[in-house]
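For this one, chain A is given, so just place chain B on it according to the hints.
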Amino acid sequence: MTTRNDGRGAGSNAKIMNRADITKRLVSRLEKGEAVVGGIGNTNFDLWAAGQRPENFYMLGSMGLAFPIALGVALAQPQRHVFALEGDGSLLMQMGCLATIAAVAPKNLTLVVMDNGVYQITGGQPTPAAAGTDFVAAAQAMGIGNAAWAADEEDFERLVVASLSAGRPTLIAARIDNQPAVATTHRDPVQIRERFMKGIGAR
Amino acid sequence: MSARTAPDATRETWDDILLRAFKSNGVKLVTYVPDRVLTPLIGKLHSDRDVITFPTTREEEAVGIVSGAWMGGMLGAVLMQTSGFATLPNTLASLAVPYQVPLIMVVSERGTLGEFNSGQAMVCRTMRPVLDSLAMEHHTITRIDELEFIADRSIKQAVATQAGVALILSPLLTGGKVFKA
Numbered sequence: 002m003t004t005r006n007d008g009r010g011a012g013s014n015a016k017i018m019n020r021a022d023i024t025k026r027l028v029s030r031l032e033k034g035e036a037v038v039g040g041i042g043n044t045n046f047d048l049w050a051a052g053q054r055p056e057n058f059y060m061l062g063s064m065g066l067a068f069p070i071a072l073g074v075a076l077a078q079p080q081r082h083v084f085a086l087e088g089d090g091s092l093l094m095q096m097g098c099l100a101t102i103a104a105v106a107p108k109n110l111t112l113v114v115m116d117n118g119v120y121q122i123t124g125g126q127p128t129p130a131a132a133g134t135d136f137v138a139a140a141q142a143m144g145i146g147n148a149a150w151a152a153d154e155e156d157f158e159r160l161v162v163a164s165l166s167a168g169r170p171t172l173i174a175a176r177i178d179n180q181p182a183v184a185t186t187h188r189d190p191v192q193i194r195e196r197f198m199k200g201i202g203a204r
Numbered sequence: 082m083s084a085r086t087a088p089d090a091t092r093e094t095w096d097d098i099l100l101r102a103f104k105s106n107g108v109k110l111v112t113y114v115p116d117r118v119l120t121p122l123i124g125k126l127h128s129d130r131d132v133i134t135f136p137t138t139r140e141e142e143a144v145g146i147v148s149g150a151w152m153g154g155m156l157g158a159v160l161m162q163t164s165g166f167a168t169l170p171n172t173l174a175s176l177a178v179p180y181q182v183p184l185i186m187v188v189s190e191r192g193t194l195g196e197f198n199s200g201q202a203m204v205c206r207t208m209r210p211v212l213d214s215l216a217m218e219h220h221t222i223t224r225i226d227e228l229e230f231i232a233d234r235s236i237k238q239a240v241a242t243q244a245g246v247a248l249i250l251s252p253l254l255t256g257g258k259v260f261k262a
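Here the protein sequences come in this chain order: A and B.
Using the numbering used here, you'd call the opening residue of the first sequence number 2 and step up by one each time.
Using the numbering used here, you'd call the opening residue of the second sequence number 82 and step up by one each time.
Errors might be hidden in some of the hints.
Stated by the list, open to error - Covered by chain B, according to a simulated footprint, are these stretches of chain A (three or more residues, beta-carbon under 8 Å):
id	segment
1	59-66
2	70-79
3	85-98
4	101-114
5	190-201
To be verified - Calculated cross-link-like contacts (lysine to any residue; reagent style SDA-like; alpha-carbon spacing at most 25 Å):
id	chain 1	residue 1	chain 2	residue 2
6	B	237	A	198
7	B	109	A	107
8	B	104	A	204
9	B	258	B	202
Because the hints were derived from the structure by calculation, they are not lab data.
All C-beta atoms, glycine included, are put in the ideal place defined by N, C-alpha and C.
If we strip away everything but chain A, and leave its shape as in the complex, we get (with noise of 0.2 Å):
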């Protein structure tokens, strides 16, 4: 197992994964429908490269935004699962959304953090979080109990099934390696959303 030992708090032994990888997987455990948002730049390259699903959105930027927005459509929807895939970067645009959505606590959302520790679409410079930030203690600390670090490939589909069924939010952190996406949303915003609202019914 290929393992990160660089004293990043508890997640350093988590393996390190690939995103377009673990997305595909993540994609392949949905049955029923369920919404998935994708964070700007890679996060929603490689969600657009797993599929194309209507029930999925693609944010074009806003950064920082897909976990709101995944709540607004999980208030919306409370019979649908809604997934929120962030890159570490973007969350830590706007953690505060953590808070929120563990005081809301809707019972149909899972966010998923992709942490590689840089912006990678920027050049790849280092995250101010790469120096010891703990993505899932934060969320704990902030008030989503149910966070945890996947293991690896296996550990995260374990989470993501979990998830549907836990009855409360649930945070993933998954370490990626720094691998670009592998292909590149067209970006059409109206397209997009207007896809989405019929992928779920909102149309």
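Same frame as chain A, now just chain B:
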């Protein structure tokens, strides 16, 4: 200072009227970063069983939540103060406007008509130029007898045209926040 009331207006306060405009237009979700002037409206929203109301840590977050909710079929609105609006240009330009989200914003106006904080006075001047630069509809509401018409029609227009709107509540309407020496 109490809210200004037009001579022939009903005894309803501005917050009663805004709450009614929300409810009659199907607003089911209100997110906000609080403001002293908005306190009565926030209180009534929290007491209303038909509207989900909660605070957020930033205005961007509040906009993201109602945008997601609308895509899921639930209409929402965001309440904020002038200085909070000033944190929003990127979110408006990259989410609300290009994705054509009918974002309903209610902004309590600080920075004018008796402002005592120079920071508030300065940031207030950025609000309308930002809205204009994004070609976003906005109305400054000064009179209680015009509030229902403006709010009701603006919400309907936002939904019908999938374009956001800012309803700016002037101190002339709300009384504003005044310096207590």
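Here's how the hints hold up against the structure:
1. With 7 residues having a Cβ less than 8 Å from any Cβ of chain B, the segment 59-66 of chain A passes the three-residue criterion, so the hint holds.
2. For the segment 70-79 of chain A, the stated coverage by chain B holds: 9 residues have a C-beta nearer than 8 Å to a C-beta of that chain, and at least 3 were required.
3. For the segment 85-98 of chain A, the proposed coverage by chain B is satisfied: 3 residues have a C-beta within less than 8 Å of a C-beta in that chain, meeting the threshold of three.
4. Chain B is given as covering the segment 101-114 of chain A, and this holds because 3 residues of the stretch bring a CB closer than 8 Å to a CB of that chain, at least three being needed.
5. Closer than 8 Å: that is the beta-carbon criterion, and the segment 190-201 of chain A has 7 residues meeting it against chain B, so the requirement of 3 holds.
6. Taking the CA atoms of residue 237 of chain B and residue 198 of chain A, the gap is near 20 Å; set against the 25 Å cutoff, the hint holds.
7. A distance of roughly 16 Å separates the Cα atoms of residue 109 of chain B and residue 107 of chain A; the hinted pair therefore holds under the 25 Å criterion.
8. For the hint pairing residue 104 of chain B with residue 204 of chain A, the CA-to-CA distance comes to about 22 Å; that is within 25 Å, so the pair holds.
9. A distance of roughly 12 Å separates the Cα atoms of residue 258 of chain B and residue 202 of chain B; the hinted pair therefore holds under the 25 Å criterion.
Checked against the numbered hints given earlier, this structure breaks none of them.
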